[in-house]
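Please work from the sequences and hints to get the whole structure.
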Amino acid sequence: MLSLLEVAERTQKGPKMLEKDWDMKFYRTITRLVKEYEIKYPGDEYWFNMDDDLVERAFEAALTFLEEMGIYCISTNRVVELTRKEILECINDAPTEIIMGEGRDARVFKQRKIEGKELLNFCPGHHTPFTEDLANLVVKNFAQIQRTDFIEGFNFPVVDGREIIGSPMEAYAARRQLAWMREGIRKAGRPGLAIVYYPINTRVASLLAGMDPDYGLRRTDGILLSLLPDLKMEHDMLAAAITYEDYGCFKLSGSFALSGGFCGGVEGAIIEGIAKPIACTIAYHDYIHYTGVEHVAALSAQKILLQPYNWGRSVVNQVLNTKTHVICMAWVIPTSGCGTETHLFESAIRCIEAPINGANLYAPRHSRSRVNGGQTPLEAEWMLEVSDAVIEQGLDRIKAGEILKKIAAKIGDRKPETGYLINECYDLVHHRPSPEYQKIYESVKEELTKFGLNLK
Amino acid sequence: MSDQNEKLLNELKEAIINCDEAEATELAHKVLDSGIDPVYSLQKVIGESAVIIGQKFDDGEYFLPHLVMAGDAMMAASKVLESALDTDSSIKSTVVLATVEADMHSVGKNIVGMMLKASGFVVHDLGVDVKSSEIIDKAIALNADFIALSSLLTTTMPYQREVIDELKARGIRDKFKVVIGGGPVRQEWADKIGADGYGKDAIEAVKVFKKLSSK
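Protein chains in written order, with the working numbering: chain Z, 1 to 456; chain F, 1001 to 1215.
Check each hint, because a few of them may be wrong.
[To be verified] Label-pair distances were calculated between CB atoms; the ranges are:
#1 F/Asp1059 with Z/Thr449: 51 to 61 Å
#2 F/Lys1207 with Z/Asn92: 43 to 53 Å
#3 F/Lys1192 with Z/Thr243: 31 to 41 Å
#4 F/Lys1200 with Z/Lys35: 29 to 39 Å
#5 F/Thr1094 with Z/Asn92: 44 to 54 Å
#6 F/Asp1137 with Z/Pro435: 31 to 41 Å
#7 F/Tyr1040 with Z/Asp53: 49 to 59 Å
#8 Z/Arg28 with F/Gln1004: 29 to 39 Å
#9 Z/His235 with F/His1124: 23 to 33 Å
#10 Z/Pro435 with F/Arg1186: 50 to 60 Å
#11 F/Lys1192 with Z/Asn92: 50 to 60 Å
[What the hints assert, rightly or not] Examples of chain Z residues lying across from chain F (beta carbon under 7 Å, computed):
#12 Tyr27
#13 Asn155
#14 Pro157
#15 Asn201
#16 Pro229
#17 Gly260
#18 Phe262
Because the hints were derived from the structure by calculation, they are not lab data.
Think of the CB as a built atom: it goes at the ideal place given N, C-alpha and C, for glycine as much as any other residue.
Laid out in structure tokens, this is it:
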């Protein structure tokens, strides 16, 4: 695999290009490849891809795309050029499983198979702001879910009563985030559970400040280092990738494509959705990726959870699971807030889809989350319940598609609901939902059972 | 206005909607040659095409590159039409747009910038991770009407306030209208820091800019 130092050198020596020229070349190239490789949405009845030849074509299209485009460095306005041989080497050299955490809490996080029978790996909660008074109690609650393999951190606006602004406060906030997480997992009786640093922001001071085996990131923990949309990288993230590789942390990335952006529609997003995790693997040596296809204006379930994006995610994950070593995670971001019926149905869509597509569960938050309003442990446990039922029942693409159709008919036209703050609908002291939310959960479960999912 | 002139303005509008910069430039020259009032032309063409382009983006028919190309076509036609105006002053508002310091997220900012361009605003996009003082200096240099600030992180939202505070400290708060947006940003935050406007998405943001422009 290309070394990170080689990547760094190419960001200094590659050809110069204006960002606008890169964006438009991105669109023109992807549009041409969509036609050339005949990538076409087959229609709303296909909730999952059934065409094996499309998997071959989409993979070839993504390889050609990466070879023609490379990766754009916004710090130097230069292109990191890649040969096909280097791209293929990177695909083959990446691991298919990552060992994370330590002692009795160590876990193996794996690439899955399409319609696989193994239970999913799981990361609940966070990627969302919490206030410091709730911080370690919230972490404790998510760590209490025994199936949790790692927990990602969270943002917050204030630390020790002071607003976080400027790199000194950002570095301090990074250290506090990780200290709270370490305390939270200890409180849950799982001191070795892996934690993942969610960057306070992308400045190098805050990216590196948490490296601390005693109170912050251990060598068995991880960090989120994502490429920007449209295959763009930048220097502070690369500096962090180099440093953490030396230190030993694993790295993960948000590697989904944004339909409606410079990739064009869902067909172009498929090419970007395959190329991006490969590019992340090259640029930062990320090995776990939340993958798939979202929409650039992700404001409603219709725009990100339903057709044609469901089909698009299916193609992307089928390619990544059969042609590469990318470890896929489904990015579960309901558009309605927690504590609502719609949130639970929206989560269920992704959790039915994930095991079929060969994706693990990354269950961060409401798409427009507020401080303390991202996710409760109930939704996290619900996601496992749904995905486990899909596996146990042995649902295939056709049967799962039938259930998704019924959910879509129920919630497709709904406007997103704001939902509730975590302490309005969940009791963090006793690890249980409020009685009102419990009732909503039970009624959604009953309805989903009627739709054909055998929930216990 | 004669039917022929009306037809010409409709063709110009179509050229912009179809993202055809060369055609839009040529038709703008024809509009001037036909003696149609350039101010009326600008207002009609910009206003009507922007609505259609925005709708097409919202419906999923147009993507970001279409907004870029339509914006370029709009700017090219405007340049021709404005050359016939009596004064140097443009009838369009100028926006200085940036993602605030320490924040690398550009997608939301880009959508707003392109939609504003397609709506006839002159947009100077300073990019991502831009220092407050740099944003203000640029707004002063360009004699801008608006400062537009995007933030996708809770921890970078305070930089939106920093811009407003620095404008106040320099005694020039009233010179610019400040509009803010971004994933974690809400109306309450806009009210708290004294922003003039807030848009929860690009479509709404453009409406806010238009409303503030007319004040």
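Hints versus structure:
As the Cβ distance of aspartate 1059 of chain F to threonine 449 of chain Z is approximately 36 Å, the hint placing it in 51 to 61 Å is violated. The given range of 43 to 53 Å is respected by lysine 1207 of chain F and asparagine 92 of chain Z, whose C-beta atoms sit roughly 51 Å from each other. The hinted window of 31 to 41 Å between lysine 1192 of chain F and threonine 243 of chain Z holds, with their beta carbons roughly 37 Å apart. Taking 29 to 39 Å as the suggested C-beta distance range, the pair lysine 1200 of chain F and lysine 35 of chain Z conforms, at roughly 36 Å.
Range check, threonine 1094 of chain F to asparagine 92 of chain Z: Cβ separation about 52 Å, and the 44 to 54 Å hint holds. Roughly 56 Å separates the CB atoms of aspartate 1137 of chain F and proline 435 of chain Z, a value that falls outside the hinted 31 to 41 Å. Between tyrosine 1040 of chain F and aspartate 53 of chain Z the beta carbons are some 56 Å apart, a value that agrees with the proposed interval 49 to 59 Å. At about 36 Å, the beta-carbon gap between arginine 28 of chain Z and glutamine 1004 of chain F stays in the expected band of 29 to 39 Å.
Under the hint 23 to 33 Å, the C-beta atoms of histidine 235 of chain Z and histidine 1124 of chain F, about 24 Å apart, fit the expected range. For proline 435 of chain Z paired with arginine 1186 of chain F, a C-beta distance near 29 Å fails the hint of 50 to 60 Å. With their beta carbons about 52 Å apart, lysine 1192 of chain F and asparagine 92 of chain Z fall inside the hinted range of 50 to 60 Å. At a threshold of 7 Å, the smallest CB-CB gap from tyrosine 27 of chain Z to chain F is about 4 Å, leaving the interface hint in force.
Evaluation of the asparagine 155 of chain Z hint against chain F yields a held restraint, the C-beta minimum of about 5 Å falling below 7 Å. Hint status for proline 157 of chain Z: holds, given a least beta-carbon distance of 5 Å to chain F, under 7 Å. About 5 Å separates the beta-carbon of asparagine 201 of chain Z from the nearest beta-carbon of chain F, less than 7 Å, and the hint is met. The beta carbon of proline 229 of chain Z is positioned within 7 Å of a beta carbon in chain F (closest approach about 5 Å), and the interface hint is therefore held.
About 5 Å separates the beta-carbon of glycine 260 of chain Z from the nearest beta-carbon of chain F, less than 7 Å, and the hint is met. Among the interface hints, the one on phenylalanine 262 of chain Z holds; its C-beta lies about 5 Å from the nearest C-beta in chain F, closer than the 7 Å criterion.
In summary, the structure is inconsistent with hints 1, 6 and 10 from the numbered list given earlier, while agreeing with the others.
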